[in-house]
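Chains as they are written, first to last, in my numbering: chain A, 21 to 284; chain B, 21 to 284; chain C, 21 to 284; chain D, 21 to 284.
Please keep in mind that the hints were generated in silico from the structure rather than gathered at the bench.
Hints may contain errors.
In this list, chains with the same sequence are indistinguishable; a pair is considered to hold if it fits within one copy or across any two.
Once the Cα atoms are required to be at most 27 Å apart in a straight line, the calculated DSS-like pairs of lysine-lysine come out as [what the hints assert, rightly or not]:
{"#": "1", "residue 1": "Lys136", "residue 2": "Lys24"}
{"#": "2", "residue 1": "Lys209", "residue 2": "Lys173"}
{"#": "3", "residue 1": "Lys24", "residue 2": "Lys140"}
{"#": "4", "residue 1": "Lys135", "residue 2": "Lys29"}
{"#": "5", "residue 1": "Lys82", "residue 2": "Lys135"}
{"#": "6", "residue 1": "Lys129", "residue 2": "Lys209"}
{"#": "7", "residue 1": "Lys63", "residue 2": "Lys24"}
{"#": "8", "residue 1": "Lys209", "residue 2": "Lys24"}
{"#": "9", "residue 1": "Lys99", "residue 2": "Lys63"}
{"#": "10", "residue 1": "Lys171", "residue 2": "Lys140"}
{"#": "11", "residue 1": "Lys222", "residue 2": "Lys82"}
{"#": "12", "residue 1": "Lys24", "residue 2": "Lys129"}
{"#": "13", "residue 1": "Lys209", "residue 2": "Lys136"}
{"#": "14", "residue 1": "Lys168", "residue 2": "Lys63"}
{"#": "15", "residue 1": "Lys29", "residue 2": "Lys140"}
{"#": "16", "residue 1": "Lys178", "residue 2": "Lys82"}
{"#": "17", "residue 1": "Lys175", "residue 2": "Lys82"}
{"#": "18", "residue 1": "Lys24", "residue 2": "Lys135"}
{"#": "19", "residue 1": "Lys153", "residue 2": "Lys82"}
{"#": "20", "residue 1": "Lys82", "residue 2": "Lys177"}
{"#": "21", "residue 1": "Lys82", "residue 2": "Lys158"}
{"#": "22", "residue 1": "Lys135", "residue 2": "Lys99"}
{"#": "23", "residue 1": "Lys82", "residue 2": "Lys173"}
4 protein chains.
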Amino acid sequence: MVTKIDVNKQQKLKNPVMLVGLPGIGLVGKIAIDYLVSELKPKANTYATIVSDTFPPAVHAKASTLELISDNIYLYKGKTRDYLFVAGPVQPNLTNISNSQEHYEFSEKIAEFAKKQGVKEIYTFAGLNIGEKRLNQKPRVLAVSSDKDTKEKLKNKKIDNLIFDDTQGDTLISGVAGLLVGVAYYNHKISGCCFMGETDQKLIFGDQGSARSVVGVISDLFEFKVDMKKIDTQAKKIEESFQEIQQKIKELEKKKEEPVSYIR
Amino acid sequence: MVTKIDVNKQQKLKNPVMLVGLPGIGLVGKIAIDYLVSELKPKANTYATIVSDTFPPAVHAKASTLELISDNIYLYKGKTRDYLFVAGPVQPNLTNISNSQEHYEFSEKIAEFAKKQGVKEIYTFAGLNIGEKRLNQKPRVLAVSSDKDTKEKLKNKKIDNLIFDDTQGDTLISGVAGLLVGVAYYNHKISGCCFMGETDQKLIFGDQGSARSVVGVISDLFEFKVDMKKIDTQAKKIEESFQEIQQKIKELEKKKEEPVSYIR
Amino acid sequence: MVTKIDVNKQQKLKNPVMLVGLPGIGLVGKIAIDYLVSELKPKANTYATIVSDTFPPAVHAKASTLELISDNIYLYKGKTRDYLFVAGPVQPNLTNISNSQEHYEFSEKIAEFAKKQGVKEIYTFAGLNIGEKRLNQKPRVLAVSSDKDTKEKLKNKKIDNLIFDDTQGDTLISGVAGLLVGVAYYNHKISGCCFMGETDQKLIFGDQGSARSVVGVISDLFEFKVDMKKIDTQAKKIEESFQEIQQKIKELEKKKEEPVSYIR
Amino acid sequence: MVTKIDVNKQQKLKNPVMLVGLPGIGLVGKIAIDYLVSELKPKANTYATIVSDTFPPAVHAKASTLELISDNIYLYKGKTRDYLFVAGPVQPNLTNISNSQEHYEFSEKIAEFAKKQGVKEIYTFAGLNIGEKRLNQKPRVLAVSSDKDTKEKLKNKKIDNLIFDDTQGDTLISGVAGLLVGVAYYNHKISGCCFMGETDQKLIFGDQGSARSVVGVISDLFEFKVDMKKIDTQAKKIEESFQEIQQKIKELEKKKEEPVSYIR
Numbered sequence: 021m022v023t024k025i026d027v028n029k030q031q032k033l034k035n036p037v038m039l040v041g042l043p044g045i046g047l048v049g050k051i052a053i054d055y056l057v058s059e060l061k062p063k064a065n066t067y068a069t070i071v072s073d074t075f076p077p078a079v080h081a082k083a084s085t086l087e088l089i090s091d092n093i094y095l096y097k098g099k100t101r102d103y104l105f106v107a108g109p110v111q112p113n114l115t116n117i118s119n120s121q122e123h124y125e126f127s128e129k130i131a132e133f134a135k136k137q138g139v140k141e142i143y144t145f146a147g148l149n150i151g152e153k154r155l156n157q158k159p160r161v162l163a164v165s166s167d168k169d170t171k172e173k174l175k176n177k178k179i180d181n182l183i184f185d186d187t188q189g190d191t192l193i194s195g196v197a198g199l200l201v202g203v204a205y206y207n208h209k210i211s212g213c214c215f216m217g218e219t220d221q222k223l224i225f226g227d228q229g230s231a232r233s234v235v236g237v238i239s240d241l242f243e244f245k246v247d248m249k250k251i252d253t254q255a256k257k258i259e260e261s262f263q264e265i266q267q268k269i270k271e272l273e274k275k276k277e278e279p280v281s282y283i284r
Numbered sequence: 021m022v023t024k025i026d027v028n029k030q031q032k033l034k035n036p037v038m039l040v041g042l043p044g045i046g047l048v049g050k051i052a053i054d055y056l057v058s059e060l061k062p063k064a065n066t067y068a069t070i071v072s073d074t075f076p077p078a079v080h081a082k083a084s085t086l087e088l089i090s091d092n093i094y095l096y097k098g099k100t101r102d103y104l105f106v107a108g109p110v111q112p113n114l115t116n117i118s119n120s121q122e123h124y125e126f127s128e129k130i131a132e133f134a135k136k137q138g139v140k141e142i143y144t145f146a147g148l149n150i151g152e153k154r155l156n157q158k159p160r161v162l163a164v165s166s167d168k169d170t171k172e173k174l175k176n177k178k179i180d181n182l183i184f185d186d187t188q189g190d191t192l193i194s195g196v197a198g199l200l201v202g203v204a205y206y207n208h209k210i211s212g213c214c215f216m217g218e219t220d221q222k223l224i225f226g227d228q229g230s231a232r233s234v235v236g237v238i239s240d241l242f243e244f245k246v247d248m249k250k251i252d253t254q255a256k257k258i259e260e261s262f263q264e265i266q267q268k269i270k271e272l273e274k275k276k277e278e279p280v281s282y283i284r
Numbered sequence: 021m022v023t024k025i026d027v028n029k030q031q032k033l034k035n036p037v038m039l040v041g042l043p044g045i046g047l048v049g050k051i052a053i054d055y056l057v058s059e060l061k062p063k064a065n066t067y068a069t070i071v072s073d074t075f076p077p078a079v080h081a082k083a084s085t086l087e088l089i090s091d092n093i094y095l096y097k098g099k100t101r102d103y104l105f106v107a108g109p110v111q112p113n114l115t116n117i118s119n120s121q122e123h124y125e126f127s128e129k130i131a132e133f134a135k136k137q138g139v140k141e142i143y144t145f146a147g148l149n150i151g152e153k154r155l156n157q158k159p160r161v162l163a164v165s166s167d168k169d170t171k172e173k174l175k176n177k178k179i180d181n182l183i184f185d186d187t188q189g190d191t192l193i194s195g196v197a198g199l200l201v202g203v204a205y206y207n208h209k210i211s212g213c214c215f216m217g218e219t220d221q222k223l224i225f226g227d228q229g230s231a232r233s234v235v236g237v238i239s240d241l242f243e244f245k246v247d248m249k250k251i252d253t254q255a256k257k258i259e260e261s262f263q264e265i266q267q268k269i270k271e272l273e274k275k276k277e278e279p280v281s282y283i284r
Numbered sequence: 021m022v023t024k025i026d027v028n029k030q031q032k033l034k035n036p037v038m039l040v041g042l043p044g045i046g047l048v049g050k051i052a053i054d055y056l057v058s059e060l061k062p063k064a065n066t067y068a069t070i071v072s073d074t075f076p077p078a079v080h081a082k083a084s085t086l087e088l089i090s091d092n093i094y095l096y097k098g099k100t101r102d103y104l105f106v107a108g109p110v111q112p113n114l115t116n117i118s119n120s121q122e123h124y125e126f127s128e129k130i131a132e133f134a135k136k137q138g139v140k141e142i143y144t145f146a147g148l149n150i151g152e153k154r155l156n157q158k159p160r161v162l163a164v165s166s167d168k169d170t171k172e173k174l175k176n177k178k179i180d181n182l183i184f185d186d187t188q189g190d191t192l193i194s195g196v197a198g199l200l201v202g203v204a205y206y207n208h209k210i211s212g213c214c215f216m217g218e219t220d221q222k223l224i225f226g227d228q229g230s231a232r233s234v235v236g237v238i239s240d241l242f243e244f245k246v247d248m249k250k251i252d253t254q255a256k257k258i259e260e261s262f263q264e265i266q267q268k269i270k271e272l273e274k275k276k277e278e279p280v281s282y283i284r
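Taking the hints into account, I'd like the entire structure generated from these sequences.
Spelled out as structure tokens, the structure:
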């Protein structure tokens, strides 16, 4: 089986863009795409299903019925063009270094699918770990594109909070967010860009604030009208509790460093 | 080779149902299916053999002859229809997370075989860990079906002790019992249901009591006439020894908590 | 590439038998086959080479030239029939449980090759761990055959020291020695037998005594004329040093058990 | 995808030689080949790109653009013949013993490519760990060739500092440097030689001195005119800092062995 993408009902798409957000650091990409899928009007509909034998060997049960673990591709019909949102609970396991080929295969299958659907641009969303600095600033969105032309085109749009930081040294971007853009460009000449919201990797239950920055950038870029109230509220909550926890951790660490009054 | 299913002698089957019980939590599925295969009259016969290079790289020796490790498919010819029982000592190794594809492939091969034999329904048996609660109650059988229609059809049969608990939140069911139902439905539109007997996962040598509940449900569902005496006796024995052991463990733990009268 | 068997120069073989001894417990199979290859007259010649991408990713260097890691198949032309000896330094890694399919593939390739060469019988040699009992007795050779007919045929030959112990319960035999006999019979109806010399698995540098028993059985079975002097000398040496070591270990353990005269 | 080698613009090559240096012990091979690629005049140009799903599931980002992790093949047009340099940051992961086949596949793909391009000789560069002895002598280059003819031909060229040490016992050479020479000769009859610069495996940031010896041997062999000043300076620096560190380690170890004056 490997990775299989099944279209519910094939449609002729209008100059489609693909937007991808799967689980990763701070769940930034997943939260951003899920928010877009739930908030955009008219409602995005399930267009295709992704199943893969690289997903866990288990099924998802709910209300006494079960289904294969899968990601979904939603179709959002915009005014001037169509959008395919790739969303879901799973990407190949990054902790398993022995299965490098699973990641390449998964990315290639999505890229092939995009090609077939007429997609000419792919945007992926992810988190970028900047550690504790995350809490002292509004998360920025760093962009890394498939090629210089795409970079220049995006830069010229002067999107607020979208940063191309060419001064950064060589880095590696792990996982599907980077690999899909790389594979789609190398194998199919589909250009793209990876948008990374700054986050703290300790936010394992999700960084809504960082995802909010990504949603903001995307909405500006594609002129989506998205109500930001809900995600703003969630982001505020998360940031408050995280700051509290950090405060407590620091107090505990301070105590540890105090001189001890007994002999051990 | 991967997974290969060899039919001894192809027969035209009469509206066949597939019933599957392989080793898993509490060995519930395996014990249930083995009991049915040994007790049903007329005797079920070996219909096909399953070998797979995902099974351990070893052979099974007995009485100075050896054979490949294999599962078996038994044919039981009922009055109105035929039954294929999938039984045996092995399913792909669940502790090996790096071989997710082995589980999908194994399930898909069985589903393909079922399709080819004309099977329209697949029922799998497994254990569901509920911990220590297991010993305070007669194990129930929880059902999770491939689709809503199958769920309604089964619910309407009002089988005693068979529970569809729609209030349960999202869960994951690991292993072939869930995956086979999922794959058969997704790839081949064969509907099915996974029957899970409540058990305590500490019962690693097998929970005959839970298996007995599953056998009961199956016998009601398909109007099998199965003598329950043997499995009832086994179940009683297992439960008594387990209760004894639990008792001892609790006493030991109590002792540990008592104040110690010496300085260490 | 997977596993590839390359024949140097294809010949028409006369009712060939395949004999296989690769590294395993006590190196029994490897030592036995190597001894036969070196001692039989007329000299056995390299007939084919086995390379495999399941072998270690390394090359073997000697005298400033290198070659791929490989096993060899030697052809020994007997008076009435031909013999193919499968010998060499490597079989797929048994400690790597995640690569079950490598073992099946390796065995299947050898079985296919045997089939193509007209082989109708395969005999494999291995060690059988019996622990410390090994040193108190002349190692016996236990046989487990592919089928009952082969068992009866071999039993009727009344080979000295060759034991068919039908009273043993169910056991698993790991590795190519068992798997090859199983796969060859299941997939190609080539019958065979696995001969296991009793050994102590602590003899990691090789148990010449156990191998000697296997060579004895094989020589009787095929009426090979093999000078046993060298292997007898080696076996004696190994057994003496092992007995010495065991003696020392026991003395050390005894000391440990003596009461200690100080408080800790 | 597995391993894919894409030629930018196919050219008819003039009796081409392939030279390969990928990361390994002391980075010797990689440093040597990178130095040749950067110093040879006329400049070597990128001729082909190697991508592989055995490489890490990540992309390489720089100046806000990303690309797949890849090795490169550079074409250097010499006076009488052409040279293909295989260079880059990655070879299949040697710490992952469960993926032996990745190494064989990677080597075979390069060998196939070489064959197609008309290559008749392959030279690979690597480091050979000789431990602390490394610092007391100018690193020699040990050669292990694919066959005796190649060995004799190379020996007869009497290249300074190139050693064929036939007295060494059997050894294993791990990784692509050995495997590529082995596979190319076994599968395609392309002869070759592995040149190993003596190094200390503790030099994990690279042993320029050892690489310098390799570059020297190669330059003599192919009459390359390479300015050695830069690599000589780097080598000196590395050796000085390493000697310093070693000195400090020894002092620390000496201290540890001194009697302690307090009771713990």
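Discussion item. Within a copy, between copies, both or neither: which one fits Lys24 and Lys129 at a CA-CA cutoff of 27 Å?
Written reply: This pair counts as both: shortest intra-copy Cα distance 8 Å, inter-copy 17 Å.
Worksheet item: What label fits Lys209 with Lys136 when the C-alpha limit is 27 Å: within, between, both, or neither?
Response: both (13 Å within a copy, 26 Å between copies)
Discussion item. Treating 27 Å as the Cα threshold, decide for Lys178 and Lys82: within, between, both or neither.
Written reply: This pair counts as between: shortest inter-copy Cα distance 21 Å, intra-copy 45 Å.
Fill in: Lys209 and Lys173: within-copy, between-copy, both or neither at 27 Å Cα
This pair counts as within: shortest intra-copy Cα distance 16 Å, inter-copy 47 Å.
Fill in: Alpha-carbon proximity between Lys168 and Lys63, which holds within one copy, between copies, both or neither at 27 Å
Between copies, since 25 Å is at most 27 Å while 34 Å is not.
Fill in: Copy assignment of Lys63 with Lys24, given that the CA separation must stay at most 27 Å
Within. Shortest intra-copy distance 25 Å satisfies the 27 Å Cα cut-off; inter-copy 41 Å does not.
Item to complete: State whether the alpha carbon distance between Lys29 and Lys140 is at most 27 Å within one copy, between copies, both, or neither.
Response: For Lys29 and Lys140, the Cα distance is within 27 Å both inside one copy (21 Å) and across copies (25 Å).
Worksheet item: When no copy is named, should Lys209 and Lys24 be tagged within, between, both, or neither for a Cα gap of at most 27 Å?
Response: both (22 Å within a copy, 16 Å between copies)
Discussion item. I want to check one pair: Lys136 and Lys24. Are their C-alpha atoms no more than 27 Å apart within a copy, between two copies, both, or neither?
Written reply: both (14 Å within a copy, 22 Å between copies)
Worksheet item: Given a CA cutoff of 27 Å, do Lys129 and Lys209 count as a within-copy pair, a between-copy pair, both, or neither?
Response: both (15 Å within a copy, 24 Å between copies)
Discussion item. My question is about Lys82 and Lys173: at a cut-off of 27 Å on alpha-carbon distance, are they close within one copy, between copies, both, or neither?
Written reply: between (45 Å within a copy, 18 Å between copies)
Fill in: Within, between, both or neither, where Lys153 and Lys82 count as close if Cα-Cα is 27 Å or less
Cα proximity of Lys153 and Lys82: across copies only (22 Å, versus 39 Å in one copy).
In this structure, none of the earlier numbered hints is contradicted; all agree with it.
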